[in-house]
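Novice: One-letter residues, chain by chain:
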Amino acid sequence: MFGLWNFDGGIHLPAHKAESTLAPMQVAELPKELIYPLMMRNGEKAKPLVSTGEQVRRGQIVVGADGWMNPPLHAATSGKVRGIEQRLWPQPSSLVGDCIVIDVDGDDESVEFQGTANYASIQPGELLDKIHAAGIVGLGGAAFPTAVKLNPQPYAIDTLLLNGAECEPYITCDDSLLRHFPREVLGGAKLLMHILGVNRCLLAVGEDMQDAIIALEKAQSEGEYGNIHIIPVPAIYPTGGEKQLIKVLTGREVPAHGIPAQIGVICQNVATAAAIHKAITTGEPLISRIVTITGRGVLHPQNLLARIGTPVAELVEHCGGYTDSAERLIMGGPMMGFALPTDDLPITKATNCILVAGQGEVIHDKQAMPCIRCGACATACPVSLLPQQLYWHARADNLERVMDCHLPDCIECGCCDIVCPSHIPLVQYFRSAKSKVAAKERESLKADHARLRYEARQARKEREKLEKAESAKRKKALLYNTTKIQQKSEPVP
Amino acid sequence: MLAFVVLCAVFAFFGLILGYASIRFKVEGNPIVEKINALLPQTQCGQCLYPGCRPYAEAIASGKADINQCPPGGEAGVKALAGLLGLEAKPLDPELGSEKPKRVAVIDEKKCIGCTLCIQACPVDAILGAPKLMHTVIASECTGCDLCLPPCPVDCIMMEAL
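In order, the protein sequences belong to chains H and D.
Residues in the first sequence are numbered from 1 upward in steps of one, following the numbering used here.
Residues in the second sequence are numbered from 1 upward in steps of one, following the numbering used here.
Bear in mind the hints are in silico, worked out from the structure with no lab data behind them.
The structure presented is a predicted model; accordingly, all values stated were derived computationally and were not measured.
Cβ atoms here follow ideal geometry from the backbone N, Cα and C, with glycine treated the same way.
Each hint should be verified, as a subset may be incorrect.
Okay, the calculated bits of chain D under chain H, using three or more residues with CB under 8 Å as the criterion [as the list claims (entries may be wrong)]:
#	stretch
1	28-42
2	47-55
3	66-75
Work out the full structure, taking the sequences as your base and the hints as a guide.
Specialist: In structure tokens:
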């Protein structure tokens, strides 16, 4: 048995997990339409590979890859492209942008997939190409491209960590995955160990997910899954945060501004591992995922295996529709999710949960009051920051001081919000300050660039002036010489 | 007498060290100019009445110019300069213009006659073209300084908000 470490801070939250785990997981029906927002990680617009009226099949690439940071996106079922429409994007700022909209024909016709169960003979580099081509990103919520994370050069990796801790309230999609597909997760773990060349895998499971642990242990006893250790971790929020989980399981701390690979660990979500297993062994790209539909605002909360791109409305309908108390739609959990303005937005690869909050469930009509400097937020902060200091400086728009207080280390977990007796929406201030810092950085980069160009131009003008003076001098000398020769040669005839 | 000689020797010794250090560690240029220049927005627009950000930075450093003459830098820029130089922040000089949102120049390519006047006016070489051939603005390089507007004989350059 492994000894466990602790991280500073964190809080116990009411789990609200039973609501969605009582009913078994279901496969969602084929949606009537699929929506694919054309957004890339860096906020730029992605280019579609399909055009209006084109017939697409399941697994066909609709948005091409753009470098390693933007893996391709595949159609989740067959249908006809209705067009590229301006729609709301499912992201916190509710931007409007281009989306591919596909009318589903219901045949679910697919392109041919080619997989291999015998991956041991394939080079890790080639497997990474396949993972990238299958469009796999981190399914825990951040959607970081998996192939990039699995290439930790130049760091040496000794431990693979699979994250099934799922500590945020309401969300049970990983629990559901572990109960229904333990073999896929363990197979994915084996595959990842092969890619990384490590022989130790720690599979963290929330200690309140007993059914999942039993299913995993049963699957492990039936198959060849050596060196994979299933470890129950305490259900303290945010144990499932990457850096927190690494601390709990290995006692190592990821350095500020650093990545886990620096301390020899690669952390992947369990759903990502299962998706990798599927992509390599069957050849099917990432086109579906498990999503938790829960909250008091939905009639039958449950987990659904849904196609990526399905509108939220159709998933809620599958769960019996809204109840009378439905008040707000949240994509993600109550702590880290963001509100959706309407329900015709699609789920993305990063969507783990749709929370239909009932009246008074997550929103409180408490007004924010002045900070009383109690320090409760500093005690709760899992990354040992000083939220009250950050708050003062963020309010005053003092970006320099905010950076001195290590703003980039904030994981936006929301612990400080919950414990604040004055109900100050601290994380909102931090998110806003982060984007202001990023904007300022962009501006200063641009200013540096303009300065270089200005200086280069000044230097060029200076050089041209000198060259002009030089050539004028040369011409003058030439002219002088020729007139002299002429003068000399004139008297001869 | 001995004390006097020893003191003289000590002074001479330190004098030599100081003399060496002033040559060995000589600072090229005025470092405060670099620091001021780093705070300026590098629009190179000349609204401060100096022909670019660096000349303005030099003027501030030598006390010839005030810190509130840079409209693109805005109030935040004045505040940053005041912080660096230990001065009191003041509002922008209203005679020199006001803070505007970021913009880029766009050339109406149907109207352009290829006179190259705007190319010569651009302080950051952001306009591409040749005589009697249509010109165009490299949007990523444009600082939105407006300097290309007055020389254009056919008024085909527009400033568009970013």
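Novice: A separate judgement is required for each hint: does it hold in the structure or not?
Specialist: Evaluation of the provided hints:
With 4 residues carrying a beta carbon less than 8 Å from a beta carbon of chain H, the stretch 28-42 of chain D meets the three-residue requirement, and the given coverage holds. Counting residues of the stretch 47-55 of chain D whose beta carbon lies closer than 8 Å to any beta carbon of chain H gives 3, which meets the minimum of three for the stated coverage. Figure legend: the stretch 66-75 of chain D, annotated as covered by chain H; annotation inconsistent (0 residues with Cβ-Cβ distances under 8 Å, at least 3 required).
Violated hints amount to a single one, hint 3; each of the other numbered hints is respected by the structure.
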